[in-house]
Amino acid sequence: MVSFYKKNLRYIEESAVNPDKRRYIVPEEAPRHFIDLDVYGDSAVFKLPRYWKFAVEKFGEDSLQKHGILPWNIQRVYLQLKDAFFVRNPERILKLSADLGHYIADAHVPLHTTRNYNGQLTGQTGIHAFWESRLPELYYSTYDFYTGKATYISNVQQEAWKIIAHTNQALDTVLRFEKQLNEKWGDRKYNFETQGRQTIRVYSENYSRAYHEQLSGMVERQMRASVHMIGSIWYTAWVDAGQPDLKSLIDYKPSQEELKEREEELKKWKSERFKITDDTLHTR
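The sequence shown begins at 67 in the numbering used here and counts up one residue at a time.
No wet-lab data here; the hints were simulated from the structure.
Mixed in with the good hints, there may be bad ones.
[Unchecked claim] Here are the computed lysine-lysine pairs in the DSBU-like style, where the Cα-Cα straight-line distance is at most 30 Å:
#, residue 1, residue 2
1, Lys255, Lys161
2, Lys161, Lys326
3, Lys148, Lys215
4, Lys250, Lys87
[Said to hold, decoys possible] So the derived label-pair ranges between C-beta atoms look like this:
#, residue 1, residue 2, range
5, Lys319, Asp253, 31 to 37 Å
6, Lys334, Glu249, 40 to 46 Å
7, Lys334, Thr191, 35 to 41 Å
8, Arg287, Phe112, 18 to 24 Å
9, Tyr206, Leu247, 17 to 23 Å
10, Asn155, Thr260, 42 to 48 Å
11, Thr260, Lys228, 39 to 45 Å
12, Gln131, Gly107, 14 to 20 Å
13, Lys319, Thr265, 15 to 21 Å
14, Gly107, Tyr206, 32 to 38 Å
15, Thr239, Val92, 31 to 37 Å
16, Phe125, Lys228, 19 to 25 Å
17, Asp149, Asp128, 26 to 32 Å
These figures come from a predicted structure and were not determined experimentally.
Beta carbons are placed, not taken as given, at the ideal position from N, Cα and C, and that holds for glycine.
All chains should be built: construct the whole structure from the sequences, respecting the hints.
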(Lines of atoms letter the chains of each structure in order from A and count residues from 1; the text may use other names and numbers.)
(Lines give C-alpha, C1' and ligand atoms only; values in the text may rest on other atoms or scores of the structure.)
Protein backbone atom coordinates (compact mmCIF):
# COMPACT_ATOMS: atom_id res chain seq x y z
CA MET A 1 0.00 0.00 0.00
CA VAL A 2 2.77 2.44 0.92
CA SER A 3 4.61 1.74 -2.36
CA PHE A 4 1.44 2.41 -4.35
CA TYR A 5 0.93 5.83 -2.76
CA LYS A 6 4.61 6.80 -2.97
CA LYS A 7 4.72 5.95 -6.66
CA ASN A 8 1.62 8.05 -7.31
CA LEU A 9 2.42 10.89 -4.92
CA ARG A 10 2.52 13.51 -7.66
CA TYR A 11 -0.95 12.52 -8.84
CA ILE A 12 -2.29 12.85 -5.30
CA GLU A 13 -0.66 16.25 -4.84
CA GLU A 14 -2.01 17.61 -8.12
CA SER A 15 -5.50 16.20 -7.52
CA ALA A 16 -5.81 17.38 -3.91
CA VAL A 17 -7.25 20.73 -5.02
CA ASN A 18 -9.88 19.19 -7.30
CA PRO A 19 -12.71 19.40 -4.74
CA ASP A 20 -12.16 23.16 -4.52
CA LYS A 21 -12.25 23.42 -8.31
CA ARG A 22 -15.53 21.51 -8.43
CA ARG A 23 -17.18 24.00 -6.05
CA TYR A 24 -17.62 26.39 -8.96
CA ILE A 25 -18.88 23.71 -11.35
CA VAL A 26 -20.86 21.16 -9.32
CA PRO A 27 -23.67 22.75 -7.24
CA GLU A 28 -23.68 20.01 -4.60
CA GLU A 29 -19.92 20.21 -3.99
CA ALA A 30 -19.72 23.26 -1.71
CA PRO A 31 -21.61 21.78 1.30
CA ARG A 32 -19.16 18.89 1.43
CA HIS A 33 -16.42 21.21 2.73
CA PHE A 34 -17.97 22.59 5.94
CA ILE A 35 -20.62 22.35 8.62
CA ASP A 36 -22.17 25.38 10.32
CA LEU A 37 -22.47 23.98 13.83
CA ASP A 38 -23.65 27.27 15.34
CA VAL A 39 -26.84 27.09 13.26
CA TYR A 40 -27.96 24.12 15.36
CA GLY A 41 -27.60 25.80 18.76
CA ASP A 42 -25.44 25.19 21.82
CA SER A 43 -23.51 21.92 22.05
CA ALA A 44 -24.67 21.02 18.54
CA VAL A 45 -21.53 19.03 17.82
CA PHE A 46 -22.48 16.62 20.60
CA LYS A 47 -26.20 16.47 19.77
CA LEU A 48 -26.37 16.20 15.98
CA PRO A 49 -27.14 12.70 14.60
CA ARG A 50 -23.90 10.94 13.75
CA TYR A 51 -25.31 9.03 10.80
CA TRP A 52 -26.70 10.57 7.61
CA LYS A 53 -29.93 8.59 7.60
CA PHE A 54 -30.94 9.84 11.04
CA ALA A 55 -29.80 13.38 10.29
CA VAL A 56 -32.02 13.48 7.20
CA GLU A 57 -34.95 12.12 9.18
CA LYS A 58 -34.52 14.87 11.78
CA PHE A 59 -33.64 17.92 9.66
CA GLY A 60 -34.37 17.08 6.02
CA GLU A 61 -31.73 16.89 3.32
CA ASP A 62 -32.24 20.43 1.98
CA SER A 63 -31.59 21.96 5.40
CA LEU A 64 -28.51 19.81 5.96
CA GLN A 65 -27.07 20.71 2.57
CA LYS A 66 -27.65 24.40 3.26
CA HIS A 67 -25.58 24.32 6.44
CA GLY A 68 -22.90 21.84 5.34
CA ILE A 69 -22.41 18.09 5.48
CA LEU A 70 -18.64 17.73 6.04
CA PRO A 71 -18.53 14.94 8.68
CA TRP A 72 -21.11 12.83 6.86
CA ASN A 73 -19.29 13.42 3.58
CA ILE A 74 -16.05 12.03 5.01
CA GLN A 75 -17.89 8.78 5.75
CA ARG A 76 -19.40 8.74 2.24
CA VAL A 77 -16.06 9.12 0.48
CA TYR A 78 -14.36 6.61 2.81
CA LEU A 79 -16.95 4.00 1.78
CA GLN A 80 -16.38 4.82 -1.88
CA LEU A 81 -12.63 4.44 -1.39
CA LYS A 82 -13.12 1.10 0.32
CA ASP A 83 -15.11 -0.11 -2.70
CA ALA A 84 -12.41 1.17 -5.07
CA PHE A 85 -9.79 -0.82 -3.14
CA PHE A 86 -12.02 -3.88 -3.24
CA VAL A 87 -12.34 -3.85 -7.05
CA ARG A 88 -8.70 -2.72 -7.40
CA ASN A 89 -9.48 0.27 -9.59
CA PRO A 90 -6.35 2.47 -9.48
CA GLU A 91 -7.98 5.51 -11.06
CA ARG A 92 -10.78 5.50 -8.50
CA ILE A 93 -8.42 4.77 -5.60
CA LEU A 94 -6.24 7.77 -6.42
CA LYS A 95 -9.09 10.14 -7.19
CA LEU A 96 -10.99 9.26 -4.02
CA SER A 97 -7.83 9.29 -1.89
CA ALA A 98 -7.13 12.85 -3.04
CA ASP A 99 -10.74 13.92 -2.47
CA LEU A 100 -10.88 12.30 0.96
CA GLY A 101 -7.61 13.93 1.95
CA HIS A 102 -9.02 17.33 1.03
CA TYR A 103 -12.19 16.87 3.08
CA ILE A 104 -10.28 15.57 6.11
CA ALA A 105 -7.97 18.59 5.90
CA ASP A 106 -11.01 20.88 5.80
CA ALA A 107 -12.33 19.19 8.93
CA HIS A 108 -9.20 20.32 10.78
CA VAL A 109 -9.77 24.02 9.97
CA PRO A 110 -11.80 25.71 12.75
CA LEU A 111 -13.39 28.18 10.33
CA HIS A 112 -14.94 25.27 8.42
CA THR A 113 -17.19 24.60 11.43
CA THR A 114 -19.06 27.92 11.63
CA ARG A 115 -21.30 30.19 9.58
CA ASN A 116 -18.81 32.96 10.49
CA TYR A 117 -16.41 31.16 8.17
CA ASN A 118 -14.56 34.27 7.00
CA GLY A 119 -15.01 36.50 10.04
CA GLN A 120 -17.70 38.41 8.15
CA LEU A 121 -20.01 38.41 11.18
CA THR A 122 -17.38 39.80 13.56
CA GLY A 123 -15.64 42.43 11.43
CA GLN A 124 -12.75 40.08 10.60
CA THR A 125 -13.31 39.48 6.90
CA GLY A 126 -10.32 37.70 5.40
CA ILE A 127 -9.39 35.64 8.45
CA HIS A 128 -10.16 32.37 6.64
CA ALA A 129 -7.34 32.79 4.12
CA PHE A 130 -5.15 34.30 6.86
CA TRP A 131 -5.33 31.17 9.04
CA GLU A 132 -5.58 28.58 6.28
CA SER A 133 -3.20 30.01 3.65
CA ARG A 134 -1.09 32.96 4.78
CA LEU A 135 0.26 31.43 8.00
CA PRO A 136 1.18 28.07 6.42
CA GLU A 137 2.73 29.93 3.49
CA LEU A 138 5.04 31.78 5.88
CA TYR A 139 5.79 29.00 8.39
CA TYR A 140 5.33 25.72 6.50
CA SER A 141 9.08 25.11 6.31
CA THR A 142 9.34 25.14 10.11
CA TYR A 143 6.61 22.52 10.67
CA ASP A 144 7.34 18.86 11.42
CA PHE A 145 5.00 16.62 9.43
CA TYR A 146 6.36 13.28 10.56
CA THR A 147 3.41 11.81 12.43
CA GLY A 148 4.29 8.13 12.67
CA LYS A 149 2.41 5.13 11.30
CA ALA A 150 -1.23 5.21 10.29
CA THR A 151 -3.65 3.58 12.70
CA TYR A 152 -6.77 1.54 12.01
CA ILE A 153 -10.03 3.34 12.83
CA SER A 154 -12.86 1.10 13.95
CA ASN A 155 -15.63 3.59 13.15
CA VAL A 156 -14.82 6.28 10.58
CA GLN A 157 -18.13 8.12 10.97
CA GLN A 158 -17.69 8.53 14.71
CA GLU A 159 -14.07 9.54 14.19
CA ALA A 160 -15.12 12.24 11.72
CA TRP A 161 -17.33 13.75 14.41
CA LYS A 162 -14.52 13.61 16.96
CA ILE A 163 -12.37 15.59 14.54
CA ILE A 164 -15.10 18.19 14.03
CA ALA A 165 -15.68 18.51 17.78
CA HIS A 166 -11.98 18.99 18.50
CA THR A 167 -11.54 21.46 15.64
CA ASN A 168 -14.55 23.52 16.68
CA GLN A 169 -13.13 23.93 20.18
CA ALA A 170 -10.33 26.03 18.65
CA LEU A 171 -12.71 28.42 16.87
CA ASP A 172 -13.07 30.90 19.73
CA THR A 173 -9.28 31.21 20.02
CA VAL A 174 -8.87 31.73 16.26
CA LEU A 175 -11.33 34.63 16.23
CA ARG A 176 -10.62 36.18 19.63
CA PHE A 177 -6.84 36.39 19.29
CA GLU A 178 -7.05 38.00 15.86
CA LYS A 179 -9.62 40.50 17.08
CA GLN A 180 -7.39 41.49 20.00
CA LEU A 181 -4.41 41.97 17.70
CA ASN A 182 -6.46 43.95 15.20
CA GLU A 183 -7.47 46.42 17.92
CA LYS A 184 -3.77 47.19 18.48
CA TRP A 185 -2.56 47.13 14.89
CA GLY A 186 -5.43 48.54 12.83
CA ASP A 187 -4.52 48.98 9.15
CA ARG A 188 -0.84 48.49 9.98
CA LYS A 189 -1.55 44.79 9.82
CA TYR A 190 -1.55 44.96 6.00
CA ASN A 191 1.25 45.16 3.46
CA PHE A 192 1.25 45.12 -0.32
CA GLU A 193 3.04 42.43 -2.30
CA THR A 194 3.56 41.91 -6.01
CA GLN A 195 2.42 38.55 -7.32
CA GLY A 196 2.97 38.18 -11.04
CA ARG A 197 1.64 41.37 -12.61
CA GLN A 198 -0.65 42.18 -9.71
CA THR A 199 -0.08 44.11 -6.52
CA ILE A 200 -2.26 42.70 -3.75
CA ARG A 201 -2.92 43.48 -0.12
CA VAL A 202 -1.79 40.80 2.33
CA TYR A 203 -1.40 40.42 6.07
CA SER A 204 2.08 41.73 6.90
CA GLU A 205 4.79 39.35 8.05
CA ASN A 206 5.04 41.13 11.40
CA TYR A 207 1.29 40.86 12.02
CA SER A 208 1.31 37.26 10.85
CA ARG A 209 4.18 36.47 13.21
CA ALA A 210 2.35 38.02 16.15
CA TYR A 211 -0.81 36.03 15.40
CA HIS A 212 1.11 32.81 14.76
CA GLU A 213 2.89 33.15 18.11
CA GLN A 214 -0.36 33.82 19.95
CA LEU A 215 -1.86 30.67 18.47
CA SER A 216 1.00 28.72 20.11
CA GLY A 217 1.48 26.14 17.38
CA MET A 218 -2.21 25.59 16.60
CA VAL A 219 -1.81 25.67 12.81
CA GLU A 220 1.00 23.12 12.89
CA ARG A 221 -0.90 20.87 15.33
CA GLN A 222 -3.99 20.89 13.15
CA MET A 223 -1.98 20.19 10.01
CA ARG A 224 -0.12 17.34 11.70
CA ALA A 225 -3.38 15.85 12.96
CA SER A 226 -4.77 16.14 9.45
CA VAL A 227 -1.79 14.36 7.90
CA HIS A 228 -2.05 11.47 10.35
CA MET A 229 -5.81 11.16 9.95
CA ILE A 230 -5.63 11.13 6.15
CA GLY A 231 -3.16 8.26 6.23
CA SER A 232 -5.19 6.43 8.85
CA ILE A 233 -8.48 6.60 6.94
CA TRP A 234 -6.77 5.55 3.70
CA TYR A 235 -5.29 2.62 5.61
CA THR A 236 -8.64 1.78 7.18
CA ALA A 237 -10.36 1.73 3.78
CA TRP A 238 -7.68 -0.63 2.46
CA VAL A 239 -7.95 -2.96 5.48
CA ASP A 240 -11.75 -2.96 5.33
CA ALA A 241 -11.53 -3.91 1.64
CA GLY A 242 -9.57 -7.03 2.57
CA GLN A 243 -6.04 -5.62 2.17
CA PRO A 244 -5.83 -6.18 -1.61
CA ASP A 245 -2.39 -6.50 -3.21
CA LEU A 246 -1.70 -3.19 -4.96
CA LYS A 247 1.67 -4.07 -6.53
CA SER A 248 0.20 -4.58 -9.99
CA LEU A 249 -1.45 -1.15 -9.80
CA ILE A 250 1.66 0.85 -8.90
CA ASP A 251 2.46 2.09 -12.41
CA TYR A 252 -0.94 3.65 -13.01
CA LYS A 253 -1.02 6.32 -15.69
CA PRO A 254 -4.07 8.51 -16.34
CA SER A 255 -5.81 7.96 -19.67
CA GLN A 256 -6.03 10.67 -22.33
CA GLU A 257 -9.72 10.94 -21.54
CA GLU A 258 -8.97 11.59 -17.86
CA LEU A 259 -6.30 14.17 -18.72
CA LYS A 260 -8.74 15.94 -21.03
CA GLU A 261 -11.37 15.92 -18.30
CA ARG A 262 -8.89 17.46 -15.86
CA GLU A 263 -8.03 20.20 -18.37
CA GLU A 264 -11.71 21.03 -18.83
CA GLU A 265 -12.21 21.16 -15.06
CA LEU A 266 -9.24 23.50 -14.75
CA LYS A 267 -10.54 25.83 -17.48
CA LYS A 268 -13.98 26.05 -15.87
CA TRP A 269 -12.46 26.62 -12.45
CA LYS A 270 -10.26 29.45 -13.71
CA SER A 271 -13.10 31.14 -15.58
CA GLU A 272 -15.36 31.02 -12.52
CA ARG A 273 -12.59 32.05 -10.16
CA PHE A 274 -12.09 35.42 -11.84
CA LYS A 275 -15.77 36.23 -11.32
CA ILE A 276 -15.41 35.93 -7.56
CA THR A 277 -13.93 38.45 -5.16
CA ASP A 278 -10.86 37.52 -3.14
CA ASP A 279 -12.81 37.42 0.12
CA THR A 280 -15.41 35.07 -1.36
CA LEU A 281 -12.76 32.87 -2.91
CA HIS A 282 -11.54 31.80 0.51
CA THR A 283 -14.94 31.20 2.06
CA ARG A 284 -14.77 27.46 2.70
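**Study point:** Violations among the numbered hints, reported as their numbers in ascending order
**Key:** Result: hints 1, 4, 5, 7 and 13 break, sorted rising.
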